[in-house]
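Student: In case you want the letters, here they are:
Number of protein chains: 2
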Amino acid sequence: MKKLYVVGLGPGEPAGMTYRARAALDKADVLCGYTVYTDLVAPLYPGKEVLTTPMRREIDRCRMALERAAGGDTVAMVCSGDAGVYGMACLIYQLAGEFPPVDIEIVPGVTAAVSGAAVLGAPLSHDFCVISLSDLLTPWETIEKRLRAAGEADFCIALYNPASRKRADYLRRACAILLESRSPETVCGWVRSIGRDGQTAKLLTLAQLQDETVDMFTTVFIGSSQTRALDGKMVTPRGYEAKL
Amino acid sequence: MKKLYVVGLGPGEPAGMTYRARAALDKADVLCGYTVYTDLVAPLYPGKEVLTTPMRREIDRCRMALERAAGGDTVAMVCSGDAGVYGMACLIYQLAGEFPPVDIEIVPGVTAAVSGAAVLGAPLSHDFCVISLSDLLTPWETIEKRLRAAGEADFCIALYNPASRKRADYLRRACAILLESRSPETVCGWVRSIGRDGQTAKLLTLAQLQDETVDMFTTVFIGSSQTRALDGKMVTPRGYEAKL
Numbered sequence: 001m002k003k004l005y006v007v008g009l010g011p012g013e014p015a016g017m018t019y020r021a022r023a024a025l026d027k028a029d030v031l032c033g034y035t036v037y038t039d040l041v042a043p044l045y046p047g048k049e050v051l052t053t054p055m056r057r058e059i060d061r062c063r064m065a066l067e068r069a070a071g072g073d074t075v076a077m078v079c080s081g082d083a084g085v086y087g088m089a090c091l092i093y094q095l096a097g098e099f100p101p102v103d104i105e106i107v108p109g110v111t112a113a114v115s116g117a118a119v120l121g122a123p124l125s126h127d128f129c130v131i132s133l134s135d136l137l138t139p140w141e142t143i144e145k146r147l148r149a150a151g152e153a154d155f156c157i158a159l160y161n162p163a164s165r166k167r168a169d170y171l172r173r174a175c176a177i178l179l180e181s182r183s184p185e186t187v188c189g190w191v192r193s194i195g196r197d198g199q200t201a202k203l204l205t206l207a208q209l210q211d212e213t214v215d216m217f218t219t220v221f222i223g224s225s226q227t228r229a230l231d232g233k234m235v236t237p238r239g240y241e242a243k244l
Numbered sequence: 001m002k003k004l005y006v007v008g009l010g011p012g013e014p015a016g017m018t019y020r021a022r023a024a025l026d027k028a029d030v031l032c033g034y035t036v037y038t039d040l041v042a043p044l045y046p047g048k049e050v051l052t053t054p055m056r057r058e059i060d061r062c063r064m065a066l067e068r069a070a071g072g073d074t075v076a077m078v079c080s081g082d083a084g085v086y087g088m089a090c091l092i093y094q095l096a097g098e099f100p101p102v103d104i105e106i107v108p109g110v111t112a113a114v115s116g117a118a119v120l121g122a123p124l125s126h127d128f129c130v131i132s133l134s135d136l137l138t139p140w141e142t143i144e145k146r147l148r149a150a151g152e153a154d155f156c157i158a159l160y161n162p163a164s165r166k167r168a169d170y171l172r173r174a175c176a177i178l179l180e181s182r183s184p185e186t187v188c189g190w191v192r193s194i195g196r197d198g199q200t201a202k203l204l205t206l207a208q209l210q211d212e213t214v215d216m217f218t219t220v221f222i223g224s225s226q227t228r229a230l231d232g233k234m235v236t237p238r239g240y241e242a243k244l
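Residue numbers (my numbering), protein chains in the order written: chain A, 1 to 244; chain B, 1 to 244.
Please note that the accuracy of each hint is not assured.
Identical chains blur together in the list; that is why a pair holds if it fits in one copy or across any two.
Mimicking DSSO-like on lysine-lysine, the simulated pairs with C-alpha atoms at most 27 Å apart in a straight line are [as the list claims (entries may be wrong)]: (1) Lys3 - Lys202; (2) Lys27 - Lys145; (3) Lys48 - Lys3; (4) Lys166 - Lys145; (5) Lys202 - Lys2; (6) Lys145 - Lys48.
Simulated from the structure, these hints should not be mistaken for lab results.
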């Protein structure tokens with residue numbers, strides 16, 4: 001059966017990949033993906049064919065991968081973090097019907113909510129939400145509704161795509177919504193370039209986060225009412241402390 | 001500096017582990033954890049010391065790991081899935097102050113929401129919540145509030161700990177809350193024993209899920225209003241289809 005792997009590479013460094021992800025790349029005749037992600041793995045496979053499309057050409061990229069797989073090549077479509085979480089897995093399934101049958105295997109990876117959390121400490125140790133602030137594909141009203149719900153129900157929150165050149169004030173707007181239900185002292189944090197050169201991280205309050213400048217390479221974490229800063233780490237207790 | 005790794009093992013099979021996780025286990029003098037998890041990795045390290053405590057003895061387990069690390073051993077505390085998401089990372093930070101300084105490094109892993117999603121297709125390709133139905137450490141009222149908020153704001157949802165012997169009807173109760181705001185036809189799924197022998201998975205509607213019997217080894221997925229069953233897979237579109 002013709003085979004297409006959709007592979008989550010994890011946070012960036014090759015060591016953040018799973019053995020299963022690496023095995024899928026080994027088996028592939030063709031590596032396919034957004035240039036920034038194929039650049040992470042192409043050096044591991046000198047001479048292997050690499051197909052790329054620029055940013056925002058996700059539909060072309062997925063069709064290209066499906067076409068090559070349907071033609072008989074073993075293809076690995078690579079995604080940053082996980083293959084599913086804001087990754088290409090859904091689009092591959094949506095487009096698969098346009099091509100002859102291909103065996104699609106999703107190889108999961110460590111998504112930025114989880115890898116970024118590990119840098120900050122343990123912010124997502126209790127119930128949490130993952131929300132993208134990008135309104136390219138989602139109406140801002142939907143994002144706002146989810147932020148409000150997550151804030152009111154006291155979830156820990158990981159924000160993906162917290163900013164871009166065109167969306168410079170989106171994090172500020174998100175914080176304003178969360179401040180409707182959360183204390184300005186809520187413990188927050190961000191991590192930039194997780195698992196890559198120049199990784200940086202910072203703990204701050206929700207009030208400070210509102211005035212913070214972050215970029216598209218940053219994942220932002222908002223604590224629940226229970227989250228604490230402990231010795232420079234962001235920690236959300238699970239409730240064991242009642243037994244201490 | 002004395003070193004304690006808190007390591008997420010991923011879903012279960014050794015191939016689900018990251019290279020970074022494996023490197024931490026390699027370096028460790030002592031492997032520490034709940035027996036079910038140390039059993040997954042101990043065979044990779046014949047002769048390496050293994051410290052375990054039974055289920056629910058998490059506080060003892062973490063103190064044991066910190067004590068050995070403070071004493072000079074390199075210790076790897078292993079967790080199923082990720083080290084942070086309902087893992088031991090938070091408790092390690094909470095208890096660290098009782099011991100001489102130890103360098104704590106959290107090594108993230110693929111959590112069940114992500115690995116289970118890969119089995120079902122791409123259910124978490126848009127904003128999602130992770131909620132545990134266990135009320136051992138969290139009041140049921142808090143869980144209910146989060147379920148209601150997640151339902152109303154149309155998040156995809158991954159449910160951890162959906163049942164146990166004492167909590168046989170919790171999934172039913174959770175579904176009843178979600179049915180207040182979601183259609184009974186909402187696409188849902190579950191995966192049991194992710195990445196282990198006997199892995200099984202099923203797609204079903206929210207109405208069917210309410211009457212489903214699941215166990216503590218199962219992760220349950222509830223789609224958003226946008227989630228579809230496509231050729232036997234659970235897929236939540238990100239919105240690209242508007243461009244197709």
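Student: Hint by hint, say whether it matches the structure.
Tutor: These are the hints, each one checked on the structure:
With identical chains, the CA atoms of lysine 3 and lysine 202 are at most 27 Å apart between copies only, with a shortest distance of 23 Å across copies and 42 Å within one. Taking the shortest Cα distances, lysine 27 and lysine 145 never come within 27 Å of each other, neither inside one copy (43 Å) nor across copies (46 Å). In this homomeric assembly, lysine 48 and lysine 3 come within 27 Å of each other (Cα to Cα) only inside a single copy, at 17 Å, whereas the closest approach across copies is 39 Å. When the C-alpha separation of lysine 166 and lysine 145 is checked against a cutoff of 27 Å, the pair qualifies only within one copy, where the shortest distance is 21 Å, while the shortest distance between copies is 35 Å.
For the homomeric pair lysine 202 and lysine 2, the shortest alpha-carbon distance between copies (24 Å) is at most 27 Å, but the shortest distance inside one copy (45 Å) is not. Taking the shortest Cα distances, lysine 145 and lysine 48 never come within 27 Å of each other, neither inside one copy (45 Å) nor across copies (51 Å).
In summary, the numbered hints that this structure violates are 2, 6.
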